[in-house]
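Enquirer: What follows is the residue order along each chain.
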Amino acid sequence: MQPKPLILKILDVVSIIVLAVAAYLALVFAPTEAVMGQVQRVFYFHIGTAWVGLLGFVIAAVAGILYLVTKDVRWDRFEVAAVEVSTVFFFITIVLGSIWARPAWNTWWTWDPRLTTAAITELIYIDYFMLRQGIEDPEKRARFGAVYTLLGGISAPITFMVIRLFRTIHPVVIGSQSAAAQGGFSMTSDMKVAFFFGLFAFTVIFIDLMWHRIRLGNLEDKVEQLKLKVSM
Amino acid sequence: MIEVKKLVKRFGLKTILRGLEFSVAPGEFVALLGPNGAGKTTFLRILATLSRPSLGNVMVAGYNLPHQAAQVRAKLGVVSHMPLLYPDLTAEENLRFYGRMYGIGNMEERITEVLEMVGLENRRKDLVRTFSRGMQQRLAIGRAVIHDPEVMLFDEPYTGLDQDASEMLDDVLRTVAAEGRTVVMTSHDLARAEELATRFDILSRGVITASATQKELKKTNLLSFYKQALADS
Amino acid sequence: MMDKKTATIDSRPETMNRPSSIVHRPSFVKATLAIVQKDLSAEFRSFELISAMLVFSLLVIIIFNFALELDVKVRQSVTSGVLWATFAFAGTLGLNRSMSVEKDRGCMDGLLLAPVDRSVIYFGKAISNLIFMLIVEAIVLPVYSLLYNVNLFRLDLLGVILLGSIGYAAVGTLLSTMSAQTRTREVLLPILLFPVAMPVLLASVKASGGLLAGVELSEVLMPINLLIVYDVIFIAIAFMVFDFVVEE
Numbered sequence: 001m002q003p004k005p006l007i008l009k010i011l012d013v014v015s016i017i018v019l020a021v022a023a024y025l026a027l028v029f030a031p032t033e034a035v036m037g038q039v040q041r042v043f044y045f046h047i048g049t050a051w052v053g054l055l056g057f058v059i060a061a062v063a064g065i066l067y068l069v070t071k072d073v074r075w076d077r078f079e080v081a082a083v084e085v086s087t088v089f090f091f092i093t094i095v096l097g098s099i100w101a102r103p104a105w106n107t108w109w110t111w112d113p114r115l116t117t118a119a120i121t122e123l124i125y126i127d128y129f130m131l132r133q134g135i136e137d138p139e140k141r142a143r144f145g146a147v148y149t150l151l152g153g154i155s156a157p158i159t160f161m162v163i164r165l166f167r168t169i170h171p172v173v174i175g176s177q178s179a180a181a182q183g184g185f186s187m188t189s190d191m192k193v194a195f196f197f198g199l200f201a202f203t204v205i206f207i208d209l210m211w212h213r214i215r216l217g218n219l220e221d222k223v224e225q226l227k228l229k230v231s232m
Numbered sequence: 001m002i003e004v005k006k007l008v009k010r011f012g013l014k015t016i017l018r019g020l021e022f023s024v025a026p027g028e029f030v031a032l033l034g035p036n037g038a039g040k041t042t043f044l045r046i047l048a049t050l051s052r053p054s055l056g057n058v059m060v061a062g063y064n065l066p067h068q069a070a071q072v073r074a075k076l077g078v079v080s081h082m083p084l085l086y087p088d089l090t091a092e093e094n095l096r097f098y099g100r101m102y103g104i105g106n107m108e109e110r111i112t113e114v115l116e117m118v119g120l121e122n123r124r125k126d127l128v129r130t131f132s133r134g135m136q137q138r139l140a141i142g143r144a145v146i147h148d149p150e151v152m153l154f155d156e157p158y159t160g161l162d163q164d165a166s167e168m169l170d171d172v173l174r175t176v177a178a179e180g181r182t183v184v185m186t187s188h189d190l191a192r193a194e195e196l197a198t199r200f201d202i203l204s205r206g207v208i209t210a211s212a213t214q215k216e217l218k219k220t221n222l223l224s225f226y227k228q229a230l231a232d233s
Numbered sequence: 001m002m003d004k005k006t007a008t009i010d011s012r013p014e015t016m017n018r019p020s021s022i023v024h025r026p027s028f029v030k031a032t033l034a035i036v037q038k039d040l041s042a043e044f045r046s047f048e049l050i051s052a053m054l055v056f057s058l059l060v061i062i063i064f065n066f067a068l069e070l071d072v073k074v075r076q077s078v079t080s081g082v083l084w085a086t087f088a089f090a091g092t093l094g095l096n097r098s099m100s101v102e103k104d105r106g107c108m109d110g111l112l113l114a115p116v117d118r119s120v121i122y123f124g125k126a127i128s129n130l131i132f133m134l135i136v137e138a139i140v141l142p143v144y145s146l147l148y149n150v151n152l153f154r155l156d157l158l159g160v161i162l163l164g165s166i167g168y169a170a171v172g173t174l175l176s177t178m179s180a181q182t183r184t185r186e187v188l189l190p191i192l193l194f195p196v197a198m199p200v201l202l203a204s205v206k207a208s209g210g211l212l213a214g215v216e217l218s219e220v221l222m223p224i225n226l227l228i229v230y231d232v233i234f235i236a237i238a239f240m241v242f243d244f245v246v247e248e
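Protein chains in written order, with the numbering used here: chain A, 1 to 232; chain B, 1 to 233; chain C, 1 to 248.
A couple of the hints might just be wrong.
Stated by the list, open to error - 30 Å max Cα-Cα, derived DSSO-like pairs, lysine-lysine:
| no. | chain 1 | residue 1 | chain 2 | residue 2 |
| --- | --- | --- | --- | --- |
| 1 | A | Lys222 | B | Lys227 |
| 2 | C | Lys30 | B | Lys14 |
| 3 | B | Lys215 | B | Lys227 |
| 4 | A | Lys229 | B | Lys6 |
| 5 | B | Lys215 | B | Lys5 |
| 6 | B | Lys5 | A | Lys222 |
| 7 | A | Lys229 | A | Lys4 |
Said to hold, decoys possible - A few chain C residues that face chain B, going by a derived Cβ cut-off under 10 Å, partial list only:
| no. | residue |
| --- | --- |
| 8 | Arg25 |
| 9 | Lys38 |
| 10 | Glu48 |
| 11 | Val101 |
| 12 | Arg105 |
| 13 | Cys107 |
| 14 | Leu112 |
| 15 | Leu113 |
| 16 | Pro115 |
| 17 | Val120 |
| 18 | Glu219 |
FYI, nobody ran anything at the bench for these hints, they're computed from the structure. Just so it is clear, CB atoms sit at the ideal spot from N, CA and C, and this is done for glycine as well.
Given the sequences, and given the hints that come with them, work out the whole structure.
Expert: Written out as structure tokens, the structure is:
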């Protein structure tokens with residue numbers, strides 16, 4: 001078994017540190033928001049996890065295309081890693097969003113474009129694993145997985161555009177019409193520090209977890225190979 | 001007619017065919033024998049263009065696989081243990097459909113001709129779902145030769161047939177499907193294979209381990225040849 | 001090589017000097033039509049698929065009737081939703097059946113053995129599936145009109161239904177080809193299909209709802225445009241990836 005690469009070890013430590021710093025910035029450093037109070041602080045992590053969740057979805061679709069073109073099994077492992085890590089982050093995003101929505105909109109859930117698209121995207125992620133589970137041949141599993149991430153990656157933005165035709169109350173925090181939607185607020189400069197550091201921290205953590213998952217995929221592969229050798 | 005060099009087929013990490021070498025001259029009838037899991041069906045599916053080789057060279061009827069699969073398919077007829085027929089269509093509708101997929105001319109003449117050859121002329125307007133297993137298999141042979149292919153592949157054609165139906169199928173296979181064509185057949189049934197084939201290849205653990213022609217083999221001992229070949233491998 | 005030709009060949013030499021080939025690879029359109037015609041004639045003999053979809057549709061409408069208490073006021077706002085939910089459910093039933101006809105007796109292999117492009121198979125099956133959906137819709141709409149005394153026969157509404165059905169059949173055919181090759185088969189299709197087909201269903205509901213509420217065509221142009229965009233993109237994608245879904 002190959003030892004854990006040094007850079008990955010360093011990245012592990014860095015991930016823990018940036019997570020701690022991000023937590024400090026979000027929970028202590030950033031000023032309490034005037035209208036919503038303390039609960040607004042989940043927003044810093046909410047955005048961070050949402051960002052890497054979406055990033056993973058895009059990465060998975062691109063890896064899927066690359067797999068179909070090259071048939072290189074490494075792209076398949078890349079794709080699985082991206083979907084798996086993103087599924088977890090996206091789930092956290094939805095939970096944090098609900099925690100925030102309860103006081104802000106007076107409900108845990110509303111059928112707004114962002115929320116609905118997030119829920120559908122999460123379901124596509126879960127379907128992806130159900131699809132893979134049902135296929136024995138690893139090569140076919142990889143092909144079908146790639147096709148499905150591609151279909152999901154294209155339909156999700158269209159879903160978003162369609163639902164926007166219904167109506168929205170989700171705040172757009174960055175941009176001009178900030179406080180227009182219910183529960184919106186404008187950020188002070190300290191808030192911006194916490195916000196952007198949150199994005200950075202979760203990107204680092206995402207890369208770290210992706211790397212671990214890919215490495216795990218490689219090791220799984222090796223175990224399978226060894227098993228075959230033993231059985232022969 | 002068929003040239004296979006160093007063929008490797010993997011499903012994930014499992015290697016089914018390991019550097020298989022195989023060749024068939026025009027007009028030969030080769031029976032591929034071997035235990036379950038030896039890779040017979042996998043090999044036949046590769047020859048049939050239904051499965052891609054992982055490595056190696058495969059030439060069928062002068063064309064390279066998988067790159068010239070469409071050309072190969074035009075010269076290829078396949079009979080498997082499944083009939084590949086639509087139960088809600090009549091015999092002639094099934095043939096007409098496959099005829100159209102192969103773009104054959106003189107459609108109606110050809111359909112009549114094929115139905116006569118497989119002895120189903122008087123059932124041409126009957127739904128395939130009303131056919132017995134043996135009749136379905138005969139029509140399946142008709143379907144496979146509708147475009148007059150040069151190469152025929154049989155994958156366990158006797159599966160699920162009783163004694164009478166098997167004998168009848170023997171006749172049809174010999175006269176309609178095999179004559180004047182190059183044939184590769186997989187079978188568990190040594191007795192049937194012995195009667196039809198001109199050469200016997202033993203496939204075991206993903207390679208051809210032994211090969212003998214009809215002449216080299218005395219009629220009675222295909223079974224001992226088969227057992228010997230498996231014991232050696 | 002010559003001496004290897006066995007005696008059996010000499011008994012019927014004419015087969016060896018047969019005319020070079022009777023096969024001319026069929027054109028794309030002809031082969032596609034062959035598949036569609038094959039599906040239609042098999043279906044019009046047994047009516048297995050269409051009757052199942054139809055009965056199912058009516059049952060869904062009955063359930064909605066009581067679940068939503070479809071009185072005059074409610075009906076106005078939910079008719080398009082009820083219709084599209086019905087079409088979507090019945091659609092998966094048809095898609096599953098249409099693909100298991102090919103799978104059960106190895107006919108899919110028969111199609112793959114034909115010397116035609118793989119996309120012929122996709123378009124053939126997709127067009128058949130679309131026609132089955134349209135037939136069912138053509139019966140459900142007047143029945144619904146009759147039951148609830150609303151006029152659903154309007155050209156603009158039929159146009160929306162056609163666009164929605166095209167998108168649904170386009171993705172559905174691709175995904176049913178995939179799900180048919182998995183262990184869970186029929187169960188998996190709606191699960192895979194609904195989230196990916198969500199834009200079609202939502203845009204169709206929005207557009208037909210708007211039209212039924214009597215708004216101007218220009219006001220529902222957005223969802224209709226999105227429907228067209230979806231149809232074009234997904235037909236193109238399915239065309240490109242279908243090879244990957246049937247190869248081995």
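Enquirer: Now tell me, hint by hint, if it's right for this structure.
Expert: Each hint tested on the structure:
1. A:Lys222 - B:Lys227: With a Cα-Cα distance of about 36 Å, the restraint between A:Lys222 and B:Lys227 is violated, given a limit of 30 Å.
2. C:Lys30 - B:Lys14: Violated. C:Lys30 to B:Lys14 sits at ~40 Å, over the 30 Å cutoff.
3. B:Lys215 - B:Lys227: Between B:Lys215 and B:Lys227 the Cα gap is close to 19 Å, so the pair holds against 30 Å.
4. A:Lys229 - B:Lys6: Judged against 30 Å, a Cα distance of about 21 Å means the pair holds.
5. B:Lys215 - B:Lys5: Roughly 25 Å separates the two Cα atoms, so the pair holds.
6. B:Lys5 - A:Lys222: Distance of about 29 Å is within 30 Å: holds.
7. A:Lys229 - A:Lys4: 24 Å, holds
8. Arg25: Status holds, d = 5 Å.
9. Lys38: 4 Å, holds
10. Glu48: 8 Å, holds
11. Val101: Constraint on C:Val101 satisfied, holds at 7 Å.
12. Arg105: 6 Å, holds
13. Cys107: Holds: closest Cβ of chain B sits about 6 Å from C:Cys107, inside 10 Å.
14. Leu112: 6 Å, holds
15. Leu113: Interface hint status for C:Leu113: holds (6 Å vs cutoff 10 Å).
16. Pro115: 4 Å, holds
17. Val120: 8 Å, holds
18. Glu219: Result: violated, 46 Å to nearest chain B Cβ.
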